[in-house]
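Protein chains: 2
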Amino acid sequence: MSSTIPPLMHSATGALPERRRITGFSNPTVKFIRSLREKKHRRREQRFLAEGLRLLTDARECGRVPEMLVLAETREPHPLIAALERAVVDAGGDVIETSPDILTKITGKDNPQAVAGVFAEWDTTLDAIDRSSANIWLVAQALRDPGNLGTMLRTGDALGAGGLILIDDCADPFSVEAVRASMGAVFTQKLAQTRWEDFAAWLRRSDKGAPAQLVAASLREAVPYRGAPYAAPCFVLVGNESQGLPEEYEAECDLRVTMPMRGRADSLNAAVAAAVLGYEVLAGLEAAQR
Amino acid sequence: MSSTIPPLMHSATGALPERRRITGFSNPTVKFIRSLREKKHRRREQRFLAEGLRLLTDARECGRVPEMLVLAETREPHPLIAALERAVVDAGGDVIETSPDILTKITGKDNPQAVAGVFAEWDTTLDAIDRSSANIWLVAQALRDPGNLGTMLRTGDALGAGGLILIDDCADPFSVEAVRASMGAVFTQKLAQTRWEDFAAWLRRSDKGAPAQLVAASLREAVPYRGAPYAAPCFVLVGNESQGLPEEYEAECDLRVTMPMRGRADSLNAAVAAAVLGYEVLAGLEAAQR
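Chains A and B are the protein sequences, given in the same order. Per the working numbering, the very first residue in the first sequence carries number 54; after that it's consecutive. Per the working numbering, the very first residue in the second sequence carries number 54; after that it's consecutive.
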């Protein structure tokens with residue numbers, strides 16, 4: 054894989070400095086990090102950007118340590134920042150100090166948080182998913198809004214779901230907006246990106262674990278979502294924000310459920326639908342276990 | 054109220070044209086409409102912008118007709134556009150035809166929809182709320198994200214809620230982003246904007262209808278949200294995205310409930326929490342009626 058990550062600049066003494074300081078806006082490392090706000094650069098570099106002490110601490114506690122840690126010179130000392138620095142240095146990574154202005158340029162935010170990190174992306178093939186490891190999985194088809202995608206990751210964490218499977222052309226789960234909306238769940242939830250045909254085939258393979266149940270909200274031949282016969286591992290499927298699910302995807306579902314629509318609209322926001330249905334599945338599965 | 058709305062330009066013949074055509078980017082009407090993307094201008098003009106045939110049709114069917122209707126010259130003929138034009142002309146409004154480029158400038162979107170409208174804002178004091186008119190009301194405190202706010206309006210419509218009450222400094226419900234995320238529910242749900250003290254006093258006034266129940270998700274002295282004793286009219290309160298609810302607001306609640314948090318996080322996205330809790334309230338109230 055080709056990469057344009059700038060090499061570490063060693064100090065004049067030849068020793069590897071624990072921190073290096075960047076003061077120039079045109080520094081290649083600044084340009085590199087900043088470029089990760091765009092999908093094409095993330096794709097080429099297989100790296101992404103995450104911001105904020107809480108997010109980076111969540112990552113560290115889940116065993117995800119950034120390759121580069123960027124700190125504002127103006128930060129207050131903090132034990133969690135020290136822990137991050139230690140983890141990055143121990144893993145052979147790079148700690149960079151810079152000005153708030155340059156951090157603003159990197160993150161594109163007027164009030165950047167004092168800490169940002171560059172992470173290597175990880176395996177997001179279906180091989181990353183062990184369906185027996187959780188009772189609930191969320192599945193999104195052609196979900197275009199990165200905020201919705203991040204919110205689904207966050208909801209998945211709250212549900213104790215195993216992860217999120219992205220079908221067809223979804224927003225990038227490693228975009229700054231999705232990572233931020235996930236509130237750290239991008240580091241705790243498993244992620245897979247695949248096509249419908251491959252997902253459907255994988256779902257029905259008996260060597261991949263217990264038989265899976267695929268559930269979607271639907272207006273066609275559906276039962277009420279409340280108290281429906283959910284079974285683990287249960288895969289909760291939501292469709293594209295404006296088109297909904299293709300009819301043939303709905304037809305593949307083991308269970309189609311309806312949610313009350315008491316107003317003029319016939320649908321919920323995709324991340325909201327996943328959450329309302331996901332919490333009903335959780336209640337159903339936990340009641341069955343008692 | 055002072056206003057900078059440009060006057061209708063009558064044609065040279067003195068007749069009021071049913072449509073006027075705008076071809077210049079610097080036309081004052083273009084500038085006026087475009088300015089409504091900013092809160093300070095919306096506030097001054099007491100007007101807002103909504104885009105898209107579906108949204109404007111929802112508005113019309115709810116009795117909300119734009120003062121100005123802007124159409125792309127390149128649009129396809131459509132009976133719903135014709136119905137909108139008729140409604141605007143009947144109400145004494147202004148129909149404007151313009152180029153896709155100018156629509157792009159107005160809406161700030163690369164692919165603007167072929168229709169946009171300028172609406173007068175309406176009464177959003179607590180007087181707009183008749184609590185007896187619905188069993189569920191959503192309440193948001195210091196909600197900062199306009200997408201979350203619009204999503205709550207959309208969820209309220211689906212729940213058959215009466216409306217959304219905004220407490221303290223919330224995002225503007227008439228922002229383009231909130232209107233869009235509401236999927237038309239900004240026109241169907243009642244809206245109030247108020248301060249906590251006024252809301253709390255209003256809630257307890259016996260001359261405003263049946264005793265209200267105020268419910269919030271909480272980590273303090275709470276009962277499980279599933280099957281909790283909800284009672285109509287039930288007001289579902291969610292707090293600011295990063296701070297949550299102030300402790301004294303929680304203390305004012307008649308019912309505090311907990312939702313399962315099976316992962317690392319201790320909270321859900323605010324719009325998601327409102328929806329999961331709102332659907333549980335709906336199920337509880339409907340079961341009690343049977």
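I should point out that these hints are in silico values taken from the structure, not numbers from a laboratory. Heads up, some of the hints might be wrong.
[Stated by the list, open to error] To give a feel for the contact side, a few chain B residues facing chain A, derived at Cβ under 8 Å:
| hint | residue |
| --- | --- |
| 1 | R207 |
| 2 | D222 |
| 3 | G237 |
| 4 | A238 |
| 5 | V276 |
| 6 | R279 |
| 7 | A281 |
| 8 | G316 |
| 9 | R317 |
| 10 | A324 |
| 11 | A328 |
[As the list claims (entries may be wrong)] Some residues of chain A that are not near chain B, with every Cβ distance over 12 Å (derived):
| hint | residue |
| --- | --- |
| 12 | R73 |
| 13 | F78 |
| 14 | C115 |
| 15 | A167 |
| 16 | T204 |
| 17 | G209 |
| 18 | R279 |
| 19 | E333 |
We put the CB at the ideal spot given by N, CA and C, even for glycine.
>> Taking the earlier hints as the rules, which of them does this structure contradict?
In response: 2, 5, 7, 14, 16, 17, 18 and 19
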